[in-house]
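Chain residues, written in single-letter form:
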Amino acid sequence: MSLLEIEKLTKEFDGVTALQDVTFEVAEGEILGVIGPNGAGKTTLFNCISGMLLPGRGTIRFRGEAIQGRKPHEIAHRGIARTFQIVRPFPTLSLLDNVLVAYGHRHYPRLHAATAPFSTAETRQAVQALLERVGLSGGHDRPAGTLPLGLKKRLEIARALALNPALLLLDEPSGGLRHEESQQLLELIRRLNQEGISIILIEHNMPIVMGVCHRLVVLDHGTKIAEGDPAAIRKNPQVIEAYLGRQSVN
Amino acid sequence: MLSGYLVTVLITIGIYIILALSLNMITGYAGQISLGHAAFMGIGAYTSALLYTKTGLGFWPAFLLAGLTAGLVGAILAIPCLRVREDFLAITTMGINFVVEAVFLYIPFFGAGMGIGGINPPSLFGAEISKPGFLVLVLVVIGLVILADRWLARSWIGLAWAAIREDEEAAGAMGIDVVRFKVLAFTLGSAGAGFAGSLYAHFLTFIMPVNFGFAQSIVILSMVVFGGIGTLRGPIVGAIVLGALPEISRPAMEYRTLLYGVLLLLLMRYQPGGILGESSLLPRAVRRLYQAAQGKMRNEE
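In order, the protein sequence lines correspond to chains F and H.
Counting in our numbering, the first sequence runs from 1 upward without gaps.
Counting in our numbering, the second sequence runs from 1001 upward without gaps.
Derived from the structure by calculation, the hints contain no laboratory data.
Note that the coordinates shown come from a computational prediction; the quantities given were computed from them, not determined experimentally.
Do not rely on the hints blindly, as some may be mistaken.
[Stated by the list, open to error] Interface residues of chain H toward chain F, partial, derived using beta-carbon atoms under 7 Å: (1) R1154; (2) S1155; (3) L1159; (4) G1172.
[Stated by the list, open to error] Here are the in silico distance ranges between beta carbons for each label pair: (5) H:F1098 x F:M206: 55 to 65 Å; (6) H:A1112 x F:S94: 51 to 61 Å; (7) H:E1247 x F:S94: 34 to 44 Å; (8) F:T10 x H:F1098: 41 to 51 Å; (9) H:E1247 x F:D14: 49 to 59 Å.
Yeah, the Cβ is synthetic: ideal placement off N, Cα and C, and Gly gets one too.
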């Protein structure tokens, strides 16, 4: 049984088909890259997995349990965490508080636990460790909105890690980053995977995709057009045509 | 000691402080706009009044039931409220206010236009408490509300509310059951308004539907916004200033709602965080003065 099984996932918006019969699996411990031209349905796919969208048809199975249609907080509790394509940390909350929000997921469901104070020495220590793990070593009390883009992206990853996920969905984590920042991100992704977290990565940055992904799934106009290891995908004529065969507006 | 008039003003301000703090929980902490807070004040007031006059129940149990009833109704009404899109929440809460007021106005059981009278002040140890005594009661309730407020703000509930206020989609993705926490905010805030309503009823000794209409909701919201939404000090200061204002500006009494409307507009334009909000002019100036004084002291050492 794979960690995540997507079967015939279909989603339509007002007559536009965002996803059509998409089927693939994610094995435990792998880094799967989801690539494709803009508008291919990659973020829609993430939104369906994380519960922000209800698919029209199809199933999503996580550790054997069907999760399509469940609410986002239920999916977070089951061990799937995500970052967002347009980074969105809670702007006026500090870095610490941002990660504490996710760290509190174990306390929210039971009212009695939820009345306990959230900022204790113990919780702050745990969250500081998470921030250091993604390379954010100082300024933990700054409002998150004042961070530069690269650090905001790391903060979102720290926040996602606070959910103690088995599966991490990263939506274009290198978007807007300079080359060295992308390299550092690559290292972080590799490290997290070595620590046991399975990862699905949406990316446009080909060096990162080729450098870190074990396998790739290629989407175009909502359908899966190819699947396989990076070397093979690179030479796949359909994939090449999908990327070069039309004007893609970035 | 304190003149009777002054005590009356202080009690009125005190009741408004409770109303402003409870609305702040819904609108300031959880970020859900509510233009119908006075409806729950009314539910609390009428519950207390009806229990007292029709069943002979004493003030203390009536007071408790007033808050609980208002909270329960708040919880029930929160469900349809949360189904509407964010921008419609303002209109929905406004609509609730008008419906509740209409229920009090047109259904004979609630005394219709004449309202309910004969709501005596509370008794302690067999004797009716005096006006200064009532002020002490109001201050005690304010103290309890502030304690509850601080406790919630420091808890995981308060953090969940803050996350919902900033970005409710991201909050959901981080494991927060957004609907449940919004309903909790509405419930607690409405209960607070209910307790304030009960105090109001037993202080004035008679209540009428018009006391709990939309205009009253705007007054309460003005206090929260003027003072500094989302902080503890803001609603308190807002209630004190805007509660004392009518007394200071008696000649302009009829224009009170207009004045508050203009005040809100000016605030939104120049000090959207309120007079004492997080990043507002006054607290920033005070902080700068404080830092300058500290620096001067250090230089002199």
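Results for each hint:
1. Because the beta carbon of H:R1154 sits about 5 Å from the nearest beta carbon in chain F, less than 7 Å, this interface hint is met.
2. Residue-level restraint check for H:S1155 holds (minimum Cβ-Cβ distance to chain F is 5 Å; threshold 7 Å).
3. Checking H:L1159 against chain F: minimum C-beta separation of about 5 Å stays under 7 Å; hint holds.
4. Hint on H:G1172 holds. Least Cβ distance to chain F is approximately 4 Å, under the 7 Å limit.
5. At about 59 Å, the beta-carbon gap between H:F1098 and F:M206 stays in the expected band of 55 to 65 Å.
6. Hint check: H:A1112 to F:S94, Cβ distance near 53 Å, so the stated range 51 to 61 Å holds.
7. Remark: the range hint 34 to 44 Å for H:E1247 to F:S94 is upheld by a beta-carbon distance near 41 Å.
8. At roughly 44 Å, the beta carbons of F:T10 and H:F1098 sit within the given window of 41 to 51 Å.
9. The given range of 49 to 59 Å is respected by H:E1247 and F:D14, whose C-beta atoms sit roughly 57 Å from each other.
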